[in-house]
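K.L.:
Here is how the chains run, residue by residue.
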Amino acid sequence: MELNLLVFCYLLGSVTFIVGLKMLSNPVSARNGNLVAAAGMFVAILGTIFLYEDEGKKLGNYGWIFSALVIGTVIGTLMAKRVKMTAMPEMVSLFNGMGGACAALISVIEFRHLMHGYDPATYASNGYSFFSSLDGTTMLIIFLGLIIGSVSFSGSMIAWGKLNGKIKDFAFKGQHIINLVILLLNVAIAAFIIIARPEETPLFFYAIILLSILYGVFFVLPIGGADMPVVISLLNSFTGVAAACGGFLYDNKVMLTGGILVGAAGTLLTMLMCKAMNRSLSNVLIGSFGGGNAAAGGAGPQGGTYKEISLSDAAVVMSYANKVMIVPGYGLAVAQAQHICHELEKTLEAKGVEVKYAIHPVAGRMPGHMNVLLAEADVSYEKLLEMELANEEFKSTDVVLILGANDVVNPAAKSDPSSPIYGMPILEVEQAKHVIVNKRSMKPGYAGIENQLFFQPKTSMLFGDAKKALQDLLAEVRSI
Amino acid sequence: MELNLLVFCYLLGSVTFIVGLKMLSNPVSARNGNLVAAAGMFVAILGTIFLYEDEGKKLGNYGWIFSALVIGTVIGTLMAKRVKMTAMPEMVSLFNGMGGACAALISVIEFRHLMHGYDPATYASNGYSFFSSLDGTTMLIIFLGLIIGSVSFSGSMIAWGKLNGKIKDFAFKGQHIINLVILLLNVAIAAFIIIARPEETPLFFYAIILLSILYGVFFVLPIGGADMPVVISLLNSFTGVAAACGGFLYDNKVMLTGGILVGAAGTLLTMLMCKAMNRSLSNVLIGSFGGGNAAAGGAGPQGGTYKEISLSDAAVVMSYANKVMIVPGYGLAVAQAQHICHELEKTLEAKGVEVKYAIHPVAGRMPGHMNVLLAEADVSYEKLLEMELANEEFKSTDVVLILGANDVVNPAAKSDPSSPIYGMPILEVEQAKHVIVNKRSMKPGYAGIENQLFFQPKTSMLFGDAKKALQDLLAEVRSI
Amino acid sequence: MNQILNWIAAHQEMAYIVILMIFVGIEIIGKVPSVLHTPLMSGANAIHGVVIIGAIIVMGQAEEGNIVALVLGFLAVILGTLNVVGGFVVTDRMLEMFKKKK
Amino acid sequence: MNQILNWIAAHQEMAYIVILMIFVGIEIIGKVPSVLHTPLMSGANAIHGVVIIGAIIVMGQAEEGNIVALVLGFLAVILGTLNVVGGFVVTDRMLEMFKKKK
Ligand SMILES: NC(=O)c1ccc[n+]([C@@H]2O[C@H](COP(=O)([O-])OP(=O)(O)OC[C@H]3O[C@@H](n4cnc5c(N)ncnc54)[C@H](OP(=O)(O)O)[C@@H]3O)[C@@H](O)[C@H]2O)c1
Ligand SMILES: NC(=O)c1ccc[n+]([C@@H]2O[C@H](COP(=O)([O-])OP(=O)(O)OC[C@H]3O[C@@H](n4cnc5c(N)ncnc54)[C@H](OP(=O)(O)O)[C@@H]3O)[C@@H](O)[C@H]2O)c1
Numbered sequence: 000m001e002l003n004l005l006v007f008c009y010l011l012g013s014v015t016f017i018v019g020l021k022m023l024s025n026p027v028s029a030r031n032g033n034l035v036a037a038a039g040m041f042v043a044i045l046g047t048i049f050l051y052e053d054e055g056k057k058l059g060n061y062g063w064i065f066s067a068l069v070i071g072t073v074i075g076t077l078m079a080k081r082v083k084m085t086a087m088p089e090m091v092s093l094f095n096g097m098g099g100a101c102a103a104l105i106s107v108i109e110f111r112h113l114m115h116g117y118d119p120a121t122y123a124s125n126g127y128s129f130f131s132s133l134d135g136t137t138m139l140i141i142f143l144g145l146i147i148g149s150v151s152f153s154g155s156m157i158a159w160g161k162l163n164g165k166i167k168d169f170a171f172k173g174q175h176i177i178n179l180v181i182l183l184l185n186v187a188i189a190a191f192i193i194i195a196r197p198e199e200t201p202l203f204f205y206a207i208i209l210l211s212i213l214y215g216v217f218f219v220l221p222i223g224g225a226d227m228p229v230v231i232s233l234l235n236s237f238t239g240v241a242a243a244c245g246g247f248l249y250d251n252k253v254m255l256t257g258g259i260l261v262g263a264a265g266t267l268l269t270m271l272m273c274k275a276m277n278r279s280l281s282n283v284l285i286g287s288f289g290g291g292n293a294a295a296g297g298a299g300p301q302g303g304t305y306k307e308i309s310l311s312d313a314a315v316v317m318s319y320a321n322k323v324m325i326v327p328g329y330g331l332a333v334a335q336a337q338h339i340c341h342e343l344e345k346t347l348e349a350k351g352v353e354v355k356y357a358i359h360p361v362a363g364r365m366p367g368h369m370n371v372l373l374a375e376a377d378v379s380y381e382k383l384l385e386m387e388l389a390n391e392e393f394k395s396t397d398v399v400l401i402l403g404a405n406d407v408v409n410p411a412a413k414s415d416p417s418s419p420i421y422g423m424p425i426l427e428v429e430q431a432k433h434v435i436v437n438k439r440s441m442k443p444g445y446a447g448i449e450n451q452l453f454f455q456p457k458t459s460m461l462f463g464d465a466k467k468a469l470q471d472l473l474a475e476v477r478s479i
Numbered sequence: 000m001e002l003n004l005l006v007f008c009y010l011l012g013s014v015t016f017i018v019g020l021k022m023l024s025n026p027v028s029a030r031n032g033n034l035v036a037a038a039g040m041f042v043a044i045l046g047t048i049f050l051y052e053d054e055g056k057k058l059g060n061y062g063w064i065f066s067a068l069v070i071g072t073v074i075g076t077l078m079a080k081r082v083k084m085t086a087m088p089e090m091v092s093l094f095n096g097m098g099g100a101c102a103a104l105i106s107v108i109e110f111r112h113l114m115h116g117y118d119p120a121t122y123a124s125n126g127y128s129f130f131s132s133l134d135g136t137t138m139l140i141i142f143l144g145l146i147i148g149s150v151s152f153s154g155s156m157i158a159w160g161k162l163n164g165k166i167k168d169f170a171f172k173g174q175h176i177i178n179l180v181i182l183l184l185n186v187a188i189a190a191f192i193i194i195a196r197p198e199e200t201p202l203f204f205y206a207i208i209l210l211s212i213l214y215g216v217f218f219v220l221p222i223g224g225a226d227m228p229v230v231i232s233l234l235n236s237f238t239g240v241a242a243a244c245g246g247f248l249y250d251n252k253v254m255l256t257g258g259i260l261v262g263a264a265g266t267l268l269t270m271l272m273c274k275a276m277n278r279s280l281s282n283v284l285i286g287s288f289g290g291g292n293a294a295a296g297g298a299g300p301q302g303g304t305y306k307e308i309s310l311s312d313a314a315v316v317m318s319y320a321n322k323v324m325i326v327p328g329y330g331l332a333v334a335q336a337q338h339i340c341h342e343l344e345k346t347l348e349a350k351g352v353e354v355k356y357a358i359h360p361v362a363g364r365m366p367g368h369m370n371v372l373l374a375e376a377d378v379s380y381e382k383l384l385e386m387e388l389a390n391e392e393f394k395s396t397d398v399v400l401i402l403g404a405n406d407v408v409n410p411a412a413k414s415d416p417s418s419p420i421y422g423m424p425i426l427e428v429e430q431a432k433h434v435i436v437n438k439r440s441m442k443p444g445y446a447g448i449e450n451q452l453f454f455q456p457k458t459s460m461l462f463g464d465a466k467k468a469l470q471d472l473l474a475e476v477r478s479i
Numbered sequence: 000m001n002q003i004l005n006w007i008a009a010h011q012e013m014a015y016i017v018i019l020m021i022f023v024g025i026e027i028i029g030k031v032p033s034v035l036h037t038p039l040m041s042g043a044n045a046i047h048g049v050v051i052i053g054a055i056i057v058m059g060q061a062e063e064g065n066i067v068a069l070v071l072g073f074l075a076v077i078l079g080t081l082n083v084v085g086g087f088v089v090t091d092r093m094l095e096m097f098k099k100k101k
Numbered sequence: 000m001n002q003i004l005n006w007i008a009a010h011q012e013m014a015y016i017v018i019l020m021i022f023v024g025i026e027i028i029g030k031v032p033s034v035l036h037t038p039l040m041s042g043a044n045a046i047h048g049v050v051i052i053g054a055i056i057v058m059g060q061a062e063e064g065n066i067v068a069l070v071l072g073f074l075a076v077i078l079g080t081l082n083v084v085g086g087f088v089v090t091d092r093m094l095e096m097f098k099k100k101k
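Chains A, B, C and D, in that order, give the protein sequences. Residues 0 to 479 in numbering that gives the first Met the number 0 are what the first sequence spells out, letter by letter. Residues 0 to 479 in numbering that gives the first Met the number 0 are what the second sequence spells out, letter by letter. Residues 0 to 101 in numbering that gives the first Met the number 0 are what the third sequence spells out, letter by letter. Residues 0 to 101 in numbering that gives the first Met the number 0 are what the fourth sequence spells out, letter by letter.
None of these hints come from the bench; they were simulated from the model. Quick reminder that beta carbons are idealized off the backbone N, C-alpha and C, glycines included. Do not rely on the hints blindly, as some may be mistaken.
Claimed, not checked - Okay, derived cross-link-like pairs now, BS3-like style, lysine-lysine, Cα gap no bigger than 30 Å in a straight line:
1. C/Lys30 to D/Lys30
2. C/Lys30 to B/Lys382
3. B/Lys56 to C/Lys30
4. C/Lys30 to A/Lys274
5. C/Lys30 to B/Lys83
To be verified - Example chain A residues on the side facing chain C (calculated, C-beta under 10 Å, incomplete):
6. Asn3
7. Phe7
8. Ser13
9. Lys21
10. Val27
11. Lys172
12. Gln174
13. Met270
14. Leu473
Construct the entire structure; sequences and hints are all you get.
P.N.:
Pasting the structure below:
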């Protein structure tokens, strides 16, 4: 009876995951979708604690279970509540790593369980064969969960460190080959254990853990820090598969379906993310331009002549404009200039200037980066125009103020088929009357390519760190 | 071993059904999608014939099976190849009915099987209990398959007859109540058999068949003939569910998944069809305006004054136009005037007039009706403009020739919120310089509402049967 | 209520397969353009012809002497074949009409 | 080859569930607007926290004396909880940012 109820709880859980994820992919229902999935998860967890039984035996160790749950909940909530908006992707990465580690630990415990508390003497007395009765499939699944979980764990930790700025990009020649070797070695050992079941099984088993962790590290290390959102999404789908392995192991449908759902949806999402940046997944993973920012930087100032604008001129042009559009980009985010930007917006509005923001979907370093950033600074949602809308409004705009954005306003995406960003939709700022660009130098942005926009007669440059420049600009505007 | 292979065949079949249906919903891949699903079906059928075994026993009666397959294939292919393009929906309905009957027959045979060749004497000697060992679920599924299959069969036959013109709409007061009673009676008998298992079981069983068939007939009879595509789509999803019941019965995954897939997709499709016509499903089934064509017809000529145009004037206007757009509608289809229409198009083109067709998605009586109709008359595909494109081209059009279309050009859909078709996108023919409307009278079309377009200064009417009028028009045009 | 839970637990996998299939069915139709409604309906019609597999099994298991079962099974197989073959062929013909003649 | 077939047949339902779930996963993402990529990733991340159920089972089945199992299980449950709770909370916070302030 209770077991039947548990089956139903699990079924409910699976359905809420699907419905929740579906709702999450639509802006209107997204928030409720998250809650729906969370409710399903809650039911599934409670059901497991109180209803689960194996061969008639209920679960024990309630003390341990609940203390772990409480500890996890408190820490998790605090971390999630405290994190700065712009540090969200690293938070996701951290949590993803926890999930991966959890899956790996389950595999470890199950393996130890199968080994009945490994002890060489009993092992030998059993004729080295105490899992001869075990079918290869179970072993295979334990190994899969272990390897994928561990890779996801260590990879996520590295991704987290990179986004934190604690770990720097690190690549050496032939790294891809080493990675491949590690992976193959891993598979070979696993196969060896499953088929030959040698005396040293436990040793080999722990070697697999080590190698997997190593692989995760080497896999993520060389990828450019800016590509981390894509990598996190990929590792996310890995963890999903690892969770599904657990589902196989315990013949537990909610784990199986939840894991597979995330595995499939996550893989597609990863591809969609790459597509939004006009790149392929392999391109991101091999890092053909993501890591090369600095190297390509020197190519900057060859495109022609550009003109600068003084702070006071910029202030005058903007104060007497009818409509100003602000294009925020990655530079605004690193300079943490969103609050001062909002100040400027309010000051201009007080002077009767209409001010709006043009938001490119991949401006910044994570999808939705600009929305999150500006929401943090209390910019009202109605002022944020999506790309299509913004492109229509540029025609009637007097001044476009570009703050640390580069690739997302690069006309090469439309006009130059040889450009690596060719085909990416951009903000067509040239349709406005004036364009003022704030950045620190003529160096290129993420894609490492030059931007002809900066050399056009309409455009004038306002060099300097975004925060500093905006502060000065604000003072000038106020003094008019 | 062979059974394992069969499982794999079935898995393959299920996947091809999903992929095929997915491809079918995209114009580019649709045709291949159909082939993919057909290939999967072929594999599943062959697999069943040669690999299936039950308790170690293979299937027998190969002679019967193959002759039935050959007979079905020959007849099915011939019918499908010979049918006229515009009679497609009735063909689909017929085949759908066959599927429903097949599902119902399976239930009958299984029931008889459970009864070990019913014979009152043995029955009594068994203590009237020879399916006391049977679990209720199996019975339930047998009944479900029987009822749904029979309803689908008889309903489809009626739909077929209606589209054929052999069966007329037939409704009497309180019909919905009678339908409900039949349905409830059916359910009650089924429940009675399952729970009480009375002596007269077989009798009751055959009563269910009869009642189900009756229900199908009464269900479809009152619905307007023009709504048959929607009804067929609904019955289609019914048959899907009936097939899925078979899947439960034999624990056969390919039947189960295929059936459920069609059941779910068919239900959604039915709703989408209704939406394209700006109606709700219940509205179609209760027939609030579908059946009332004739009744509402009298309300026609109250809208104002309209002017007529003579054949020769119409011919002159069109011959000297730069661009003519033809808007085909249901009237063209019933008059079978597509060939003569194509003639007219060619003659005008020979005179240097640019001629195109504006195709509304729900023009005619089935989705895609006009595409099929004009394709039959060899009109080239490039000349057919979809609604959005057509609406843009009307601006530069000199003459719009409306042939037996009405609702799809009714401006009330845009301007009159109280109109039953309000909100349906329409062909905005008023943007052209002249509009010539061919129909037989001022009677309304399918929705039974008046059309203000006919009373506008731009519009002139050319009364007469579409085929006749076009022939005369063609003669006039040639004589210029 | 209890019985329903029992039933779900006993047919757990079936329940999952059915529910997932419903999601798949609904999702893959998505936003199909209305000109494709008829061919899609026709294609789906051919797919539920999979019921023929049940007919074949019934037919193949009928005992030699059981004329009624043989005849009914024979009929069922013919009807199923009509559904399958006719369905796919008619769909193909419809879709032929829609392809761009270039 | 033979073994694979065997395996599929033995885990027939599982195979169906997995395959159908893959279709569902791919289809429901469909055309998600790119601003939602991060919240969607985060929501999916919380969902795979369902792995915690495995951790709870392991923990609940560990024998009293088996300290290693208890400690590892304890750790696994904490990590899993972090994944679940942190994941859902962070997603909610993100989505809060996106809602229209009217
Ligand atoms: N959104 C995502 O999900 C995502 C994820 C990964 C990658 N990407 C990629 O990131 C790029 C985003 O385009 P974007 O236009 O936002 O950024 P961008 O092309 O990377 O350009 C940023 C510009 O900001 C300037 N900058 C840096 N620090 C600054 C500071 N403190 N003050 C002022 N300016 C500063 C830099 O020029 P200086 O050095 O001269 O100052 C740089 O040219 C796209 O290529 C996109 O594909 C996006
Ligand atoms: N496409 C679908 O899937 C589908 C399915 C079900 C319903 N519908 C509905 O059907 C309607 C389709 O619109 P529609 O504009 O094509 O057709 P309509 O609104 O039904 O109008 C057809 C017109 O053709 C005229 N007509 C009839 N026979 C004729 C003949 N022999 N020669 C010349 N004219 C003739 C009729 O007027 P006279 O009597 O004065 O000649 C009638 O007004 C929509 O309301 C749609 O929602 C469509």
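K.L.:
Work down the list of hints and note, for each, if the structure agrees.
P.N.:
Taking the hints in turn, this is what the structure says about them:
no.	hint	in the structure
1	C/Lys30 to D/Lys30	holds, 12 Å
2	C/Lys30 to B/Lys382	holds, 25 Å
3	B/Lys56 to C/Lys30	violated, 46 Å
4	C/Lys30 to A/Lys274	holds, 22 Å
5	C/Lys30 to B/Lys83	holds, 28 Å
6	Asn3	holds, 4 Å
7	Phe7	holds, 6 Å
8	Ser13	holds, 7 Å
9	Lys21	holds, 8 Å
10	Val27	violated, 17 Å
11	Lys172	violated, 46 Å
12	Gln174	violated, 40 Å
13	Met270	violated, 18 Å
14	Leu473	violated, 47 Å
Hints 3, 10, 11, 12, 13 and 14 from the list above are not met by this structure, while the remaining hints are.
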